[in-house]
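Residue strings, one per chain:
Protein chains: 2
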Amino acid sequence: MPTVHLPANSPTPTIGVFDSGFGGLTVLRALIERIPQARYAFLGDTARLPYGSKSRRTIARYAVESARFLVQEQGAQLLVIACNTASALALDAIQDAVPVPVLGVIEPGAHAAKAASERGDVLVIATDATVRSHAYATACQALGLRALEKACPLLVPLVEEGWTTHPVTTQVIDVYLSELRAQAREAGLVPDTLVLGCTHYPLLRPLIEQAVTAGVRVIDSAESTAQMALEQFGSQFAPAAPDHQPELHFYATDSIEKFERLGSRFLGRPVGRVHLLDLGG
Amino acid sequence: MPTVHLPANSPTPTIGVFDSGFGGLTVLRALIERIPQARYAFLGDTARLPYGSKSRRTIARYAVESARFLVQEQGAQLLVIACNTASALALDAIQDAVPVPVLGVIEPGAHAAKAASERGDVLVIATDATVRSHAYATACQALGLRALEKACPLLVPLVEEGWTTHPVTTQVIDVYLSELRAQAREAGLVPDTLVLGCTHYPLLRPLIEQAVTAGVRVIDSAESTAQMALEQFGSQFAPAAPDHQPELHFYATDSIEKFERLGSRFLGRPVGRVHLLDLGG
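Taken in order, these protein sequences are the chains called G and Z. Each residue of the first sequence is one higher than the one before, starting from 18 at the first, in my numbering. Each residue of the second sequence is one higher than the one before, starting from 18 at the first, in my numbering.
For the record, the hints were derived by calculation from the structure and aren't laboratory data. Possibly wrong hints are sitting among the right ones.
[What the hints assert, rightly or not] The calculated lysine-lysine pairs, modelled on BS3-like cross-linking and capped at a C-alpha distance of 27 Å, are:
id, chain 1, residue 1, chain 2, residue 2
1, Z, Lys167, G, Lys275
2, Z, Lys131, Z, Lys167
3, G, Lys167, Z, Lys275
4, G, Lys167, G, Lys131
Work out the full structure: start from the sequences and follow the hints.
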């Protein structure tokens, strides 16, 4: 990956992280592990979530407004779109709208699948809108992989209900993966890799790893995205002191209370104060 | 109930029906059965659904914009808020914003519970926002009932996934109703009535009726609301001809295709063409 130079207008460069909700906190968590010395501004567009069931036009309008806030108001010098749906449907629109590098989660997920898969046959589970966009299939095909995608609309509400170890969730995952395996057989694919194409799904990773066929590797695009950010931009940051605490700022367009309550599950640490933001939509 | 007079500025009065999505089509279906001779304009604010997880302030802003469209652009002389969340959190704001009678689903649901319950102990299942508002508990208490409410956030996605007869849905309903029964016991209630406080839930009525304790009556607030509309406004309409076909107009702020595809399940007849509407949010 080429190194991209961030504008040198701040002693501590800011990475803006955007999601439709707070699932993208799994991406922020992976970023903090790799680039702890950055200043982070995270925006969850919770007033208008979920993006996963909406049209490309609407998703692009919402995502561009959010990206502009992070760049213009928060001074982000790098933008990470920690939302599969927005990455799938609005990455071009965001790149056109802001003058800083923009990294989505789809391309890193596809690269990680390429690295993991021996046979080149890959499964992707994601939201309805991400699947309908075929963004993962397109990115995988560009790398020489064959990819089969499936929408799993119940998994996000199950995670948000906190049923991450519930027997019902195990059954729902079994239903979805059985259907996907049947489709793979019909298509003549023998998959050895499964991409988690939604930022909520890492919280179901233990159940999903139990449910996949033996030998299938599970790829978390949150991890892959953070790794790509480190490779492309990591050299721009001074090394962190041993006792360094990451500087985190949280914004949401609605449901502050829910964000604060549920966000820590995704971030793996307390979220603290979330600021309410009105994007006017 | 008092009879309310509609303005006589149209030979066929228009009833505007509003929902955050298309669950409110269960209310429209019940209205058409009782007042087939009205002209209906239905608006689903699908670009901004679900309302059930958002704050009162955001819900009120969205609902008022939608109500104004139905009254100002569609000439609605009566407005039915076919959305429990908007009825619970924004009925006052809508009534202040438009000059026509506005009927929500909460009060009719509470009246139907009062008529059905012998002991006066009532259970209500609804979305998170409806439950947090305690609108049903307040409306029930005003009628001398004791009401216990429970949020069931997985039921809407299960209906939208089409799993209305799936064993997983049966288990989810059992989990929610078991928790609710335990809470009722703790509170010293002996409920004989369960109110379906969300317009998606009538599609799960067969499973819910199997899951409730023997003798518990299930109340559908869609039916109750249509019945109240008939009682209050029915005399304003000329009798329908025997071969009358209802005049239906559908608008949505996004996801026209999904509305057209899934809407017929809720309406019980094909939805036909849905017009895309931009409310700017």
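Do the hints match the structure? See the list:
{"no.": "1", "hint": "Lys167(Z) to Lys275(G)", "result": "holds (17 Å)"}
{"no.": "2", "hint": "Lys131(Z) to Lys167(Z)", "result": "holds (19 Å)"}
{"no.": "3", "hint": "Lys167(G) to Lys275(Z)", "result": "holds (17 Å)"}
{"no.": "4", "hint": "Lys167(G) to Lys131(G)", "result": "holds (19 Å)"}
Checked against the numbered hints above, the structure violates none of them.
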